[in-house]
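This is what each chain is made of:
2 protein chains.
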Amino acid sequence: MKKENEVYYTKDIPVPETPAAGKEPDPWGETRIIGERVPRVDGYERVSGAAVYPSDVILPNMLHAAILRCPHPHAMVRKVDISKAKQMPGVRAILTNDSPEADLMWPYSDEAKTRLFDPHCRFEGETVAAVAADTPYQAWDAVHAIKVSYDVKNHVVDEQEALTSSVSIHDGGNKVKTQSHSRGDTRKGFQEADVVLEESYHAACEIHTPMELHGCVASWDGDALTIRESTQGVYAVQSRVAEVLGMPLSKVRVIGHYMGGGFGSKLQADKYTIIAALLAKKTGRPVKLFLSREETYLAVGNRPPTKMTLKAGVKKDGTLTAFDFTCTGASGAYPAGGTALVDWLIRDLYKCPNVKTECTDVYINTGPARPFRAPGHPQASWALEQMMDALAEKIGMDPVAFRLKNIPEISQGRERPYTTTGLKECITQGTEAFGWEKARKAAEEHNKKGGRTRRGVGMGSCVWFVGGGGPPSTVVIKLFSDGSVNLNMGASDIGTGTKTIMALVAAEELGVKPEVIQIENADTGTTQYATPSGGSKTVPTEAPTVRSAAIAVKQELLKMAAEELGTDVADLRFDADDIVSAKEGSKKINIKDLSELKKRGVVMGVGHRGPNPENKSVNPFAAQFCEVEVNPRTGEIKILRFLGTNESGRVMDRLTFDGQVFGGITMGVGFGMTEWRVLDHGQTGKMLNKNWHDYKLPTALDVPMEMTSVPIEMPDPEANNTGAKGLGEPVTIPTGGAIANAVYHATGIRMTDTPINPVTLNRKYAEEEG
Amino acid sequence: MKKENEVYYTKDIPVPETPAAGKEPDPWGETRIIGERVPRVDGYERVSGAAVYPSDVILPNMLHAAILRCPHPHAMVRKVDISKAKQMPGVRAILTNDSPEADLMWPYSDEAKTRLFDPHCRFEGETVAAVAADTPYQAWDAVHAIKVSYDVKNHVVDEQEALTSSVSIHDGGNKVKTQSHSRGDTRKGFQEADVVLEESYHAACEIHTPMELHGCVASWDGDALTIRESTQGVYAVQSRVAEVLGMPLSKVRVIGHYMGGGFGSKLQADKYTIIAALLAKKTGRPVKLFLSREETYLAVGNRPPTKMTLKAGVKKDGTLTAFDFTCTGASGAYPAGGTALVDWLIRDLYKCPNVKTECTDVYINTGPARPFRAPGHPQASWALEQMMDALAEKIGMDPVAFRLKNIPEISQGRERPYTTTGLKECITQGTEAFGWEKARKAAEEHNKKGGRTRRGVGMGSCVWFVGGGGPPSTVVIKLFSDGSVNLNMGASDIGTGTKTIMALVAAEELGVKPEVIQIENADTGTTQYATPSGGSKTVPTEAPTVRSAAIAVKQELLKMAAEELGTDVADLRFDADDIVSAKEGSKKINIKDLSELKKRGVVMGVGHRGPNPENKSVNPFAAQFCEVEVNPRTGEIKILRFLGTNESGRVMDRLTFDGQVFGGITMGVGFGMTEWRVLDHGQTGKMLNKNWHDYKLPTALDVPMEMTSVPIEMPDPEANNTGAKGLGEPVTIPTGGAIANAVYHATGIRMTDTPINPVTLNRKYAEEEG
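Note that the protein sequences, when read in sequence, are chains A and B.
Per this note's numbering, the first sequence starts with residue 1, numbered consecutively.
Per this note's numbering, the second sequence starts with residue 771, numbered consecutively.
A couple of the hints might just be wrong.
Subject to a maximum C-alpha distance of 25 Å in a straight line, what follows is the list of computed DMTMM-like cross-link-like pairs (lysine to aspartate or glutamate) [to be verified]: (1) K1369/B to D56/A; (2) K616/A to E1333/B; (3) K592/A to E1013/B; (4) K281/A to E969/B; (5) K1283/B to E718/A; (6) K1283/B to D223/A; (7) K282/A to E1013/B; (8) K1051/B to E45/A; (9) K281/A to D826/B; (10) K616/A to E815/B; (11) K1362/B to E243/A; (12) K1051/B to E515/A; (13) K513/A to E969/B; (14) K1362/B to E563/A; (15) K1052/B to D56/A; (16) K1175/B to E1366/B; (17) K1369/B to E718/A; (18) K1386/B to D221/A.
Derived, one-sided and incomplete: chain B residues facing chain A with beta-carbon distance under 10 Å [claimed, not checked]: (19) V937; (20) P980; (21) M981; (22) G1253; (23) L1257; (24) N1258.
FYI, nobody ran anything at the bench for these hints, they're computed from the structure.
Using N, Cα and C, we set each Cβ at its ideal position, and we do this for glycine too.
Looking at chain A on its own, in the form it has when it is part of the complex:
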């Protein structure tokens, strides 16, 4: 048992001084807890299984729902016969395109809406009917008993064929839109070049397939709807549901305290959210609707397959003169940004005066694309980093030296300076930590020996499009009379450690132990407004807000102390757990002795995220280095080691920082080496590997045998009051390209298409060996 009136402050370490009430806080200088290796505050719950994820939720009287989905990539529903299904045991409600609720419009995008159950099914996996029953088995049995007759239509599922196909998925052909951008004069740029190269690249379609399936539990309380959804943004789900169902926002409560991964595919509500809500309304009982793994492969998003052609010019001294980039990306069956952000790295990463890009989104008969960790960037990096290495080779420069030659002074894409830029530091410090030169030489010597294996060393770097965060965000902190803390924040912790980092920020500022901070998050009913967790913006958006709320608490404590000590607020400072008068050092009071705090029970502080710096761009940077061993005959590739350097401003928690780096590299290995959606292009147009067995996620055997994280810590006080920038996406952008470059270094083979696996490498090797 604790001692009476114990205050849970960190002892022996002075709490940093605070500005007087009303003053804006300075950015942090030195920190005590921030940047240390602190384990997750909710690690016990997550590891023990005590954490209740939405998919764990059981409500009394709850029904289970399942969705009947169209098995064809393109078909019209003629008739849905539920006569048998509705008489099956346990079946409580069925929705089909005959139900009045089916008329609700579903906004796949602002441009194209369809009905909730639309007779025109434009992709394999489109919703046709849904059942709620007493058990999941009964629901699935009933789904299987529904008879649907379809008019199967011709399909197109290849993005490269979409524009020339006779199949028109929507009225007016399969082109969604083309976006182009140019600066300078590429014709002139190519004329000035000593070397011009052109190459085509292809990035295969990846599926998010997070650990926790997609779904929710919906329940009604009178006219108020509560949705417990596995989501990255409870407020985004709330607004979509309110829009579709025509309800006041206040009457839609979305809760998602824990969630098991989304990677962009859970940024928004989906049809299943609405279906669960409608079934719950119809039955007067809570309804749980979680998709099967197969359904999530088809219907809840993907990283669109992208065909890219990059032409580049360079002078002999390594000066880039021109980039000409064209690409085609598949939105799927609805407008969903098939080439979204694909050209950003071409425009922004390396210094180049003459740039032209043209990106075309096309419809194909597959599920719509969705943002996927660093949308567009890994694809572009795959092309750009390989092209950079090819250019370097042509002009006889080291790949690292060539990149360092082309570090831009400003953000070329936004035509304004960065607050801080660590691109150069990422490359130089990474090169040193990795032992680049030595490793390259060692690999080349190994290869000269002509043994069974070849070794190669490659790298890539990146900037991430955003990552500075920004308003709106609000956080409320309640400091209890015993010094323990409740932190109320609407942002979801999507598994990245948001709660842990926010606990550290509050602990740092308030001088309390992180373990007495209770965090309430991601509930539109009870926590504060936040935008979805995505875009590597959660920490730089929420951490400054948490800090502001903590400062508001301190200012309130100072006011109380001033009243009690009979001094001015302006003279008071925090010193360990006392509040001390700077003028009259003898006047001090321990926080636990503040009679006003005892009376009030709680001190509340509200923080709002301040504005971003004007006319500057806030972006994180990264570079990655790897060494591979290849057996060209078998195509086997072993990643011997990987090193990631990341300049994401201040390191908030070193443990979650490294976790992001290792996770990002692992996902990049999947992008570059194991993952791709296999469609039956020739015949049925259906997906052939919609399960965890046939769709190859990288396993423990595929990830690098050694991974190293080297943070380049450059706190960015201009970015926000914590100096932190985003991290979750830059960690995965350069991985694929770096691997491809290492494979080239090992084998002399340019793998232009993802994934590089034994089959594709061996085939290319066989082709080139002739």
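Fit chain B to the given chain A structure using the hints.
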């Protein structure tokens, strides 16, 4: 479906003007919704059964617990044998006084603590052991299988015998304390009197016995404890649990969204709360522990039995000259304020210069007392109102005229003025509405006829000790971009309509429809700090806070509008759902068009309860009038009609206002006529009527055949920014005394002891008739 971008504002009715940002709001003048008859905002949920009360909670994997309680009023536990119980099916954990957890101290009061399972059992129903099992039946079976050997000790269960008994419940005799008060010179006062009367009265012990039983569901998530408890104050439970278990406040979350009545007995955690938490910790599973009805009669509080003697002097002209009041009240087995507040009415209600009171609390071998709706007041009113009538009769004055003669100018008990005082208005307007004079005469004529029945008309009035509310209280309002509203408040709606009234306050101030206001309340984790709902302070505490939060929202909207219209905030006013520039009438913007609101998603407003007026007392007043018909031979009493007048400042919702009045009268009928704890004084000392059959709550057949509520609306702008005062307790204070006076008027019999029922009335009638 709603129209796109619809804003849920009340149309056609101008929203009241708002002061510019930073200015303090004026108290409301006219109101639009406040004061109307608005049904409960959660009426559907409550009536349909959809509302989840703590006793409805089912958590996955939940165990059920039961408590073994001492069957003797006074005993030492010698040995607890759980050998059989622990082997019974489904039994997961047993706690006894041998468990290490039993050493935790339980603070029945600051003065006396005992162990959680204390071998010295000082009342029937003290905790001896507890079991958690898979089902409630298995838990009870195991409880019954625990063998306990007791050393049974002598007991004392009568408050009038406690001081002279040879039994000492604690070391040092059975007197807890005596509190006395005096003003003026009573000796002189009695000398000046023309008439001096002295009478003894007795108020029997009442049990709260609310609809929902006492209990909670406890569950752990790592080191964080969540308690779903049927409670009047989640923060009070949180601090008690944290204190007893030695935990940080932030790690104890207490939730109590709905609750089914408490009347004071649920103002604080109880031993069962801790026991549930310990069993949940021990088993790693959620534990539900709700008491049986029998247990709640014994162990969770009562209105203490009170013996009172009142001596009063009056001049012939009706001027009171002196009161001398002594009383003895039973705290039960632990210090719990047996006479708490009993002397307040004597000191404060009627003008009297010379007053002496002496109140003694004693220990007896029963469960501890707890605050019970208007603690002390119904008892004192029982004595005082009968004495007033007796004095009036002696000097030949009408009871109403006599009371009006003695209206005080200030609060005599606090020696300062009231903000508003409606005592006189309650009496005069009530007299008129009831038709007092006519009814008295008609009754007297009826009685002269000498039929089988007698009729009588009586009245009483009161002031309530507190009822002005006050800080601390915090409320957060989120106004969503569609104009719907989320209101976050930590106060419990204990069934009195708090949520409804707060919705009306927000609707009034924001000009939105009450049905688009979602209220989150009573959760220490997610809602704001509030003191327990009790003392008739919830509305006057929380309503001004809600109003302040709503005003903060409006000020934020004005800021946005000023920015967007290019005007000064000070020139802007709300007008219907537009914000209009007073200077340039053409400049206006609809709230839904504010681009900053769309961007931010939410406007947040924080309200804190402002301070109370200095040097003034804020109190509500009431008077009640009733007519009874008595059959003196059988003792049957029929209440023909009852009328309550209440001056509680502004009427907030007329429906809940009247509900309080009718409920208060009904409970007063219970106090005066049906309820009393029957103890086996002579032999076992055990309670004989610990169930709803033998303990007589008033039923539909016992309540008045006609009840009328006459609000005396005197908005009290000095009290707070809404002008509302407390209501829940004054409505029940004068009921018993008014009935006794009516019975006297009918029969000439003074019923000095509660309850007046056929048996007691008939006995007294027989005695007096000789």
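Checked hints:
| no. | hint | in the structure |
| --- | --- | --- |
| 1 | K1369/B to D56/A | violated, 34 Å |
| 2 | K616/A to E1333/B | holds, 24 Å |
| 3 | K592/A to E1013/B | holds, 15 Å |
| 4 | K281/A to E969/B | violated, 64 Å |
| 5 | K1283/B to E718/A | violated, 44 Å |
| 6 | K1283/B to D223/A | holds, 14 Å |
| 7 | K282/A to E1013/B | violated, 46 Å |
| 8 | K1051/B to E45/A | holds, 14 Å |
| 9 | K281/A to D826/B | holds, 21 Å |
| 10 | K616/A to E815/B | violated, 52 Å |
| 11 | K1362/B to E243/A | holds, 15 Å |
| 12 | K1051/B to E515/A | holds, 18 Å |
| 13 | K513/A to E969/B | violated, 62 Å |
| 14 | K1362/B to E563/A | violated, 42 Å |
| 15 | K1052/B to D56/A | holds, 23 Å |
| 16 | K1175/B to E1366/B | violated, 62 Å |
| 17 | K1369/B to E718/A | holds, 23 Å |
| 18 | K1386/B to D221/A | violated, 44 Å |
| 19 | V937 | violated, 33 Å |
| 20 | P980 | violated, 23 Å |
| 21 | M981 | violated, 20 Å |
| 22 | G1253 | holds, 8 Å |
| 23 | L1257 | holds, 9 Å |
| 24 | N1258 | holds, 7 Å |
Hints 1, 4, 5, 7, 10, 13, 14, 16, 18, 19, 20 and 21 from the list above are not met by this structure, while the remaining hints are.
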